[in-house]
Structures are given as structure tokens and as C-alpha cells.
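2 protein chains.
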Amino acid sequence: MRKKYLLAPGPVQAPPEVLAELAKPLIHHRTEQFENIFFQTQSLLKELFMTKLPVITFAASGTGAMEAAVVNFHSEADEVLVIRGGKFGERWGNISEAYKLKVHYIDIKWGSGIKPEEIEKYLNINKNIKSVMIQYVETSTAAMYDIENIAKVVTKTNTLLIVDAISALGVVPLPADDWKIDVIVGGSQKSLMLPPGLSFLWCSQKALSVSEKSNLPKFYFNIKKELKALEKKTTAWTPAISLIGALNTSLTMMKSYGWENLFKKNKKLMTAIHNGLKALNIELFSSSPAVSVTAGAVPQNVDGVKLVKDMKDIHAVTIAGGQDELKGKIFRVGTLGYVDSSDIIVFFAALEACLKSQNYKFNLGAGLSAAEKVLYSEENNA
Amino acid sequence: MRKKYLLAPGPVQAPPEVLAELAKPLIHHRTEQFENIFFQTQSLLKELFMTKLPVITFAASGTGAMEAAVVNFHSEADEVLVIRGGKFGERWGNISEAYKLKVHYIDIKWGSGIKPEEIEKYLNINKNIKSVMIQYVETSTAAMYDIENIAKVVTKTNTLLIVDAISALGVVPLPADDWKIDVIVGGSQKSLMLPPGLSFLWCSQKALSVSEKSNLPKFYFNIKKELKALEKKTTAWTPAISLIGALNTSLTMMKSYGWENLFKKNKKLMTAIHNGLKALNIELFSSSPAVSVTAGAVPQNVDGVKLVKDMKDIHAVTIAGGQDELKGKIFRVGTLGYVDSSDIIVFFAALEACLKSQNYKFNLGAGLSAAEKVLYSEENNA
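Chains as they are written, first to last, in this note's numbering: chain A, 989 to 1370; chain B, 989 to 1370.
Just chain A, with the same shape it has in the complex (with noise of 0.2 Å):
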């Protein structure tokens, strides 16, 4: 009987309609039923990327289209620039690694931002970089990267810029054609509150011509396979169909609310996160915070392992602890995808309960209130 609120950076809860579409019978997908449904979401798609150019839809996890990300736009010992700040940053370098590329790294202060123009600088002393692979939230951190400009400083050069949007993407806005990106990356479990099992990769006509030359081996994960299917209104590969399905409620739940509205919204759960937080001297892990995902610092005297396992085990609230050298150190609560105002107000309930029950210091009710006035006042009602 007990409620249940999952309020981890993805995955996140899923709307009863989504849930709902995943439980119908199944179809076959070399149907036109099927390939309908596929083609409405191709063109919701377009608008969650803001882009006129197709989206791929892999039958795969987020790091399955990031390993396409590589191997479809690089070719042999190709020199890349990694930016390192995080799990998902050693992501990248991982699998171009894995791939025999050539990767150099900026590593940055996990939490930290990237000021473009210590990329600009970088690309103008190493000419040879054919791509500057990052993320646009590093999940592990709860830091958001000024993709915006970065893209400003890149796209003056020949380098390709590679996005992981996967805790992004439908977060904040991300317009794909206009901020001249090469390659976007997401991922399903987030925003568009389905189950993990879907991913997603956009490519600009510029990668587009760099994919034609590459020459890293690939199958299951081959774009241009990907995209001769989609003038078919289908997969390459059998696809996970029911997820399809669900993708299709989802986004249109997403459009219907609307896309501005979204990004609104999730803005606003973000302030209301901080301000409580503040209101409890917690302080922010990261100095570059990200909308979709907070780390707040774990007080001393605090037991970080504990509080996030008394936020599930007492309150039935799942949040996420740090990762690696993290752990312990931060917690990290999610305000993307089918998160309200309400889901904050009982975080900041069962937050201030687990603090209390660990003799931390403050005003019971000072986080929850705080929260309130960005979340329940007039002026911000969306």
C-alpha cells in the first residue's frame, strides 16, 4: 500500500498512460500498424530535438548510442578530445579507447563546468582532433555543461561536436539544428519517462559526411543502415516494440504539456530543490548545476550511505547516492521526466525526517517551506 516515489536521475517514474501502452498485446512491426506508430514518433522526435533532420531509435541502452557515436563518425587512430568531469566523461574515453582512437583529455574538477574557451584553445594548439566528445548533464556529478557556447567555439572549426544528452535531452532546451551540434545522444529513462531499452542518436548533414568515410568496424550499431530503414518507416533491427509503442504516449503527453511549459517546469522544480536545500545549509556539489539532477554535499556528522537508504527503506523515496569516489559524499535527487511539485514537497519532508534522525542541525520544516514558495506560490504557477 505504501507510496512509492522514484526520484533518482533515471530511471524515473513512468505516467499509468505510458505504463498502460506497455501492456497491450503485442504487433507485429513489419505492419503498417507498427510502422505508423514508428513514424508518428520519428516526427515527435524531431520536435524534442528541434531539428528537421531524422532521429535514430536504437533497441539498446543510452551507452549503446554513444558507443554509434564513436564508431560511426571516427575512423582508425582519429585524434578526439574527451572532456572529463565525470563517470559518463570516463564514459566517452572508455569507449573511444576501446575503439583504438587516439583521445586526449581535459580533466576537469568533478562538479566543475568547462569554459569554452579553454576548448577553443585546445583545438587551436592540437588541429588534428576530428571530434570534442561531452556531456550535456554529467549525471554523476549533477553538472551542467554551456553546451550553447561551446558549440559557438567549435563550430568554427572542422571538429565534429558530440553531445551525450541523455539526462538533457527534454529538460532544458536543445535545439539541435540551431546551435549547429554534430551528434546528440539520449537515452529513454529520463526524460521521456519510459523504462531503459531505447536510445537515440541525431547527426547533422557535417557528421553525416564524416560517417560516409568512417571505417570503424560496426553492425548492430550502423547508422546508415539505421537511416536507409527509416525512409521505410521501420528499424534495421527487430525493434523493442512495446517501448515504441510507450514512446509514442510519452512524447505526445510531452507535446501536450508542451515543450516550453517542460523546460518551465523542470526550471522551477530545480529552484525549489536549491532553495530548500539552501534553507538547510546544504550546500550544492556542483558550481555549474544541471536542471535535471541536484548533488547536494553531505553534511558532516551525516551518514550519506544511510540517509539515502532511510529516503527508501522508511519513506519510500528512491534517490541516488555518489558513484566511486562520490560515495557517501553526495546525494543526488532527480527532477526530470513525470516529477511534480508535489514529488519535492515529500522529498523535502522525508529529507528533513532522515537529517533529524541523524542529529543534523536546523529548522524542521525550513527546506519544505522554502521549497513551497517557489513551487506553490502564484506568480510561478506554469
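Hints are supplied without guarantee of correctness; some may be wrong.
Remember, identical chains collapse to one label, so a pair may be satisfied in a single copy or spanning two.
Unchecked claim - The calculated lysine-lysine pairs, modelled on DSS-like cross-linking and capped at a C-alpha distance of 25 Å, are:
no.: 1; residue 1: LYS1300; residue 2: LYS1220
no.: 2; residue 1: LYS1201; residue 2: LYS1088
no.: 3; residue 1: LYS1221; residue 2: LYS1294
no.: 4; residue 1: LYS1243; residue 2: LYS1315
no.: 5; residue 1: LYS1212; residue 2: LYS1266
no.: 6; residue 1: LYS1212; residue 2: LYS1075
no.: 7; residue 1: LYS1213; residue 2: LYS1088
no.: 8; residue 1: LYS992; residue 2: LYS1297
no.: 9; residue 1: LYS1168; residue 2: LYS1140
no.: 10; residue 1: LYS1220; residue 2: LYS1361
no.: 11; residue 1: LYS1315; residue 2: LYS1213
no.: 12; residue 1: LYS1221; residue 2: LYS1315
no.: 13; residue 1: LYS1317; residue 2: LYS1220
no.: 14; residue 1: LYS1297; residue 2: LYS1221
FYI, nobody ran anything at the bench for these hints, they're computed from the structure.
Given chain A, put chain B in place with the hints provided.
Chain B alone, transformed into the frame defined by chain A:
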């Protein structure tokens, strides 16, 4: 209100119990709750594969696991032997060529089987061949190969036997350990009665030691990372959470029906289809027919494309036509997964109606009653 029958050779109908599982609220995958479910599926998958060794689960459709079988067990310029007798045999070749392996082919007539001695002879002459890649069931032609005896001849050599069992697993016995197969690939949308989106890879100790030396590039489909994650009851990358919950349900249902009963049932359904088609003077396309899927040769003066279309449009029975060169020449009906005697009866009623409307000469009811004899006679009731 129309009752729909999905009788394709995959995707297949999912039981309501499985659909209901897909509609459950999402849980986070880095939790004890998910790890326990995943661990249960692991032990059930071992029963399905009849093995003591681990079974890897990928968030990808079957082609992804086929690629995993290529990239994990081979090295640059390895020679491999592909048995090519249909679209999926071709796929083994295409993946191997994408990774620049040196591919030998034994081309067999589409629909035919292959004598184990032929493979034995080929391996005796070509001593450098590192692996034989074959289907257990070639879904495109409805042919089944004699894997048990092929394994006997391959086992005598150092060559690995790599079997795509996507359309065979859970339909016919496939004792991975006893038959000494080296690599087996499976998928979710066949006998496992799930939507597409999961695939499986099992490998022998012998194959595992070959994989240690494999130098082909890989990341998403790296089995070493997956086996390490399996020890911690999880996957290397974000798993398709909902599908894994549903997998647990479907495997539990299969186990409770009984693996042997399942094999018996599938054989009975196949026999009913064979006898029913014979009574309608429709020949089997394959001379080495599969248990999972039957291909009927479209009789002269019957329009095969219209037949498949009418079955669906008029009678809501989805079967599959032929692909590529077999388009219009065969129709394929699946007898795998959540298919029962009642479905076969419905199939024949619809088939006879469609044949009649095309003025094909036969005794109305002949197919139906031949099937009935197999399915509803006492001695056949499992």
C-alpha cells in the same frame, strides 16, 4: 472487439501475466529489489539453456547478441565458416565481414538442412577455421539444422561452434553443456513470450578462454564486463528493467508448465500444422522442417501475398510471408511461445477461408480436421 491472433515466427503473443508485469511501476536497477529479480532470471535462464554456466542478458534485440558472438570470440583476420541457407545465415556472414573476418561459406539451398559430415569435411580441409556459425532454426526458411550431430563433429576440432538459437531456445531441447556447444545466442520475442528488446549470450569454458585473447574492438557487447557485473547480480550498462521483470514472469510460467511438456507441446503443434497442410495438399517449403515455425509453399494459382494479407485483414490472424526471394512463394506460421491448440484451429479456419476465396480446390474442413486429430485426440493431450 475483434480477437487478434499473432502467429508469426516472432514477435509472438505475450501472455496477460507478462503484459501486466510490463505495466508495473519502474524500480531503480541499482537496488537489492532489482538485483534479486535479475538473480532469479539468471537461475531460470540456466535451466532454459540447460547449463551450469552464466547466461548474459543484453538490452538489445537478437542481432546485437549475434554481434556479441562475433566480436568476443574472434580476432583480426580470423577465418570463420558460415552456414548460409537463409537470411539469418547471411546475417552471420554480414556481421563477420563488417569486422573484416575472413568468411568461408557453405551455401545450402534455402529450406534444406545440412549433413554434419559436410561440415566435418570442410573443417578437415580448412584447418585454420576458428569458428562455425550456424542457426538452430533458420526462421526465414523454417528449416532446422541438426545441431546435436553438428556439435559432435565440431567438438572433435579446436573450432568453436556458434549457434543462433533465437528461434529454437525453449522450443526444442538445447542442452548447452551436454552437447558441448561453444556459444549460444537467444532473444526475448520468441519462445520467451516477451516483446523484443532483450537478447542472451551463453558461452562454454572453451569459448571463454578464446574470448580472453580476442582483439576485436567492443564495448556495449563486451562479455567480460557483463560476466563481471553478473557476479554482482547486475548488468554492465543500464538494463531494460521492465523487460527483465517480465522475463522473470515468463520463465517462471515456462518452468511451471515444465520444460519437457513445453517441448512436447511445440512438437504436437508442429505436427498438427504439418498434417493440416498436407490434407490441404500444401507442401512444406523446408525439407528439414523446424518445430518453431512452418513454411507452407504457396500453391500454384494462389496469390501468396494476398493470402497473408487476407489472413490479417479479414480474420485478424497475423502470419508471416516470405522475405526477399521467397516473397509470395511461402507463408510462415509460428508455433513457438504462447501458442496453443486453439490457435492452430483458428489458423486453419482462417487459412481455409482465404484459400477458398482464391478458388483453390480442396475439401473445406480437411485441414481443420487433420489438425484436430493431432491436437484434440486423447493420446496427444500433454
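Practice item. Output the numbers, in ascending order, of every earlier hint that fails for this structure. Key: Violated hints: 4, 5 and 10; rest satisfied.
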